[in-house]
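K.L.:
In order, the protein sequences belong to chains W and A.
When you line the first sequence up against UniProt numbering, it's residues 1 to 262, in that order.
When you line the second sequence up against UniProt numbering, it's residues 1 to 788, in that order.
Keep in mind that the hints were calculated from the coordinates and are not lab data.
You may find that some hints are simply not true.
What the hints assert, rightly or not - Interface residues of chain A toward chain W, partial, derived using beta-carbon atoms under 10 Å:
hint: 1; residue: D656
hint: 2; residue: I704
hint: 3; residue: Y711
hint: 4; residue: M713
hint: 5; residue: A716
What the hints assert, rightly or not - Away from chain A, derived, C-beta distances all over 10 Å, residues of chain W:
hint: 6; residue: V7
hint: 7; residue: T10
hint: 8; residue: K61
For glycine and all other residues, C-beta sits at the position ideal for the given N, C-alpha and C.
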Amino acid sequence: MQNFEFVRPTSVADAVAALKGDEAQPMSGGQTLMPTMKARLAAPEILVSLTAIDEMKGVRKDGDQIWIGGGTTHATVARETAESFPALSSLAGRIGDPSVRSRGTIGGSIANNDPSACYPAGALGSGATIVTDRREIAADDFFQGMFMTALDEGEIVTAVKFPVPQRAIYQKFIQPASRFPLTAVFVAHFGDDVRVAVTGASSDGVFRWTEAEEALKGNFSADAVSGLSVSADTMISDLHGSGAYRAQLTKVMTQRAVSALA
Amino acid sequence: MPKDGGIGSSTKRREDVRFLSGTGRYTDDINLHGQLYAHFVRSDVAHGKINGINADAAMAMPGVVRVFTAKDFEGVGGVPCGWQITSIDGSPMQEPKHPVLAEGKVRHVGDPIAVVVAESLGQARDAADALEIDIEMLPAVMDMKEAVKDGAPKVHDDLSSNLCYDWGFVEDNKDAVAKAIADADHVTTLELVNNRLVANPMEPRVAVGDYDMANDEHTLYTTSQNPHVIRLLMGAFVLGIPEHKLRVVAPDVGGGFGAKIFHYAEEAFCTFAAKQLRRPVKWTSSRSEAFMSDAHGRDHVTKIELAMDKDNNFTAIRTETYANMGAYLSTFAPSVPTWLHGTLMAGNYKTPLIYVNVKAVFTNTVPVDAYRGAGRPEATFQLERVIDKAARERGVSPIELRRQNFITEFPYATPVAVEYDTGDYHATMDRVLEMADHAGFEARAAESKKNGKLRGFGIAHYIEACGIAPSNLVGQLGARAGLYESATVRVNATGSISVMTGSHSHGQGHETSFAQVVSEMIGIDATQVDIVHGDTSKTPMGMGTYGSRSIAVGGSAMVRATEKIIAKAKKIAAHLMEASEGDIELKDGQFTVAGTDKSVAWGDVTLAAYVPHNYPLEDIEPGLEETAFYDPANFTYPSGGYACEVEVDPDTGKVDVLSFSAADDFGNVINPMIVEGQVHGGVAQGFGQAMMENCAYDADGQLISASYMDYAMPRATDLPMFKVDHSCQTPCTHNPLGVKGCGEAGAIGSPPAFVNAVIDALHRGGHKVEHINMPLTPDRVWTAIQNS
Chain W
1 MQNFEFVRPT SVADAVAALK GDEAQPMSGG QTLMPTMKAR LAAPEILVSL
51 TAIDEMKGVR KDGDQIWIGG GTTHATVARE TAESFPALSS LAGRIGDPSV
101 RSRGTIGGSI ANNDPSACYP AGALGSGATI VTDRREIAAD DFFQGMFMTA
151 LDEGEIVTAV KFPVPQRAIY QKFIQPASRF PLTAVFVAHF GDDVRVAVTG
201 ASSDGVFRWT EAEEALKGNF SADAVSGLSV SADTMISDLH GSGAYRAQLT
251 KVMTQRAVSA LA
Chain A
1 MPKDGGIGSS TKRREDVRFL SGTGRYTDDI NLHGQLYAHF VRSDVAHGKI
51 NGINADAAMA MPGVVRVFTA KDFEGVGGVP CGWQITSIDG SPMQEPKHPV
101 LAEGKVRHVG DPIAVVVAES LGQARDAADA LEIDIEMLPA VMDMKEAVKD
151 GAPKVHDDLS SNLCYDWGFV EDNKDAVAKA IADADHVTTL ELVNNRLVAN
201 PMEPRVAVGD YDMANDEHTL YTTSQNPHVI RLLMGAFVLG IPEHKLRVVA
251 PDVGGGFGAK IFHYAEEAFC TFAAKQLRRP VKWTSSRSEA FMSDAHGRDH
301 VTKIELAMDK DNNFTAIRTE TYANMGAYLS TFAPSVPTWL HGTLMAGNYK
351 TPLIYVNVKA VFTNTVPVDA YRGAGRPEAT FQLERVIDKA ARERGVSPIE
401 LRRQNFITEF PYATPVAVEY DTGDYHATMD RVLEMADHAG FEARAAESKK
451 NGKLRGFGIA HYIEACGIAP SNLVGQLGAR AGLYESATVR VNATGSISVM
501 TGSHSHGQGH ETSFAQVVSE MIGIDATQVD IVHGDTSKTP MGMGTYGSRS
551 IAVGGSAMVR ATEKIIAKAK KIAAHLMEAS EGDIELKDGQ FTVAGTDKSV
601 AWGDVTLAAY VPHNYPLEDI EPGLEETAFY DPANFTYPSG GYACEVEVDP
651 DTGKVDVLSF SAADDFGNVI NPMIVEGQVH GGVAQGFGQA MMENCAYDAD
701 GQLISASYMD YAMPRATDLP MFKVDHSCQT PCTHNPLGVK GCGEAGAIGS
751 PPAFVNAVID ALHRGGHKVE HINMPLTPDR VWTAIQNS
């Protein structure tokens, strides 16, 4: 790790100001950035910690939505949404290990948009709204490909607002080494709408399997998906699974999610 | 019922108090006054020509003391290889120089090019970024079969090819084996890969070099399984330091699994640099460095043929193996695919004719050497997999096919040069089938089927050669060292005992189990005995711990030394009690005279030895300290039967291991709890190899699985509760304790049991899959189902 300046603002406004510095980088729980810096693959001159900003923390009801501060740890989300949004609680409670869950935050995960991260599937699958220091962005517009988001330079995810589905589930098949999703599917059922978001599988990052959504709207059962398939061509192919395998997992995890809910 | 602390008692491990309370003293805990930090700059390409290194900018960086490159090591020896193999044509193996720092070329990702030594580690790393290294990439040699073709790029330009050796065993049997295969009623053939592994001990490697100018003495603190071996190899072959001027200390060591047997360049560097700089020099491996600099394990590609007569009796076995050596020969690398592998190809079976061919190949990869089991897992895997395939082809039970061919009479001389002293393979088979409830399997399989899952049962038997090894034999086989073990038993004046052993404990619990042996022999409490190991200045010349040799060889040396102590103590007791030496008996720490009520306590005798006022000085010397060196007469041959039950999810290829049972014959057992722990660890590592671990390179020689993000280590939640049993005991006939060794059994016997279970499950599901190469990841299992 190389030397850097460390600032720890206590308000969003101060953080935004600090991020205007040269080679400044925001850091929340640091679960991705710290190992990257240790490996000398990143060397920010100024590290702006987002961990002391109270207005970015907590879980609360916001009308019929759940508001989660961007600086809220996975462990807190898992605990605080256990009754209000069990599928999200289950997703948060299975990220990494206890130390990761006690440091990593929802805002950090969503801003990083790792193609194998869990939260992007939860946010996209729920149709969440990403709140930043300057605007609100629908999840459908936010995730723009592997490690790519709609965020501008220096823009901070201050909160994520989740509509609560009637029923939802996160079905995860882990990559055996990293324990990230090899492929995981978040299925949410809202009245006459169904959303299916897939993470870990595509080289374009998290995506909605719209074909499955349409089929499930008419018939919310595993059978509705059995004739469908996703193309292996755009799937990630690596040491842990071919594109064809990830395409298979996308389907099987979706079917299992639906079966578990139906 | 053994008494607590005695032989046969599951005495709790005394060393765990310090390990579990964070008070162990590991090499990285050692920090010396004025210590400098070394950072190794390693190749990020697999193969390349070094055109130049410019260290000017790095030298000008804050805190930098010196930058070392190969030119600083002119006149210094290469890292030596400790075993020479002879090819079929009688020529010695090709043995390239292994420089401390790369000379002219880099040959694998991780090959050290330069070392920055600075006041702090951060300064050394910063300066390393300022080094200008000009490397011209060369084509990487990766695939072993391509590597030995004419015209392939060469890893070492000064060798004739990438073939290290071409070994045939037993060459005299080659034609007879070919004839038996040609004449066989049936031949089962299987091609398989034994996957490359990274040992991953919890503690990474560390070296601290120190030089005492006043006395011209060097000290190396290092994470080693065998400090005396390091002293010999590094002192004599690399740095030219005589042994009396070189002390090697391996204090608490956090796991080895083989990877800490070998002498590494970093050890020589720190020792060398400490003298050059007149300051201690420390290097601590990062986990990333460990992946690309610790010797890897396994990496064999094999074709095996098993010939049978019309009644399914095995008539011949022929194997052809390509064994990856990596870019350089690590310390014992040549022995692993040959003498530790070919000699085990008989397994538990009375196959009369066997021929093993091994081609060892250089590639642009990290050197490969012994890893828990070393050669024996590779042999066992081939044999136990081909037998399952043969059973399927012949329509017979894999259990009955094994039983029919089991060796039942001992001693048994195999056609591959070893003689098994004892064993009872039907007993371990009976026991493991009972433990695994084989009888109830079909009902469980039917239940799984109802849930859409495929259940399979896998069985494997193993034999291993442990207690390495008779020195005169291994000398004939090319070893450049003896493989005896040593012990000094030092009895103190008040009766407590320090045992200095040449064995080295890096997790095995020697401090507990060795003390059980010595205290039981004398009849004193185990707490009166301390075990000292891991320091060449304290212990007699010993060969260290690997090859499941510590209790069989190191323990035997302790027994011999303790016998000498008892013999001398009886003389002293006879004098004190004015009795005849032949009438003295020792029991429960009391010397008595047969047929009388006379007695003296152990402590009275030991005190007399050091305060010899009333003492037979004309017959014996004062003091009570004895040393023994024990050279075994034969290997020991632990064996066992392992059974595994799995459930395969055909939609995802995911395998759940539902149960695992191990019935081992380790001969006599000193501490059952420690033995069971060794089996647990070995089986977990075997599970890792079979199901998860895969050290993978791409075609350009980049290490893909270079961190825990991609190298899958097994966790407790991946495994079922193991059932382990060692009640089948056929004691070793040639060592004083009747022990065989248990450290590697789990890693040797379990991989084929896991794989056999999965293949069985797939066949039961109607999928005609004959083999899947390890690790059996969900992707591989699902893909195999799709292709069946």
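K.L.:
Compare the structure with each hint and give your call.
P.N.:
Now the hints, each set against the structure:
Residue-level restraint check for D656(A) is violated (minimum Cβ-Cβ distance to chain W is 13 Å; threshold 10 Å). Taking 10 Å as the C-beta contact cut-off toward chain W, the hint placing I704(A) at the interface holds, the least distance being around 6 Å. Below 10 Å, beta-carbon pairs count as interface contacts, and Y711(A) has one with chain W at about 6 Å; its hint therefore holds. Hint on M713(A) holds. Least Cβ distance to chain W is approximately 7 Å, under the 10 Å limit.
Given hint, A716(A) at the interface with chain W, is violated; its Cβ is 13 Å from that chain's nearest Cβ, farther than 10 Å. The Cβ of V7(W) sits about 21 Å from the closest Cβ of chain A, beyond the 10 Å cut-off, so the non-interface label holds. The beta carbon of T10(W) sits about 29 Å from the closest Cβ of chain A, which is more than 10 Å, so the claim that it is off the interface holds. For K61(W), the requirement that its beta carbon stay farther than 10 Å from each beta carbon of chain A is met, with the minimum near 35 Å.
Of the numbered hints given earlier, the model fails hints 1, 5; all others are met.
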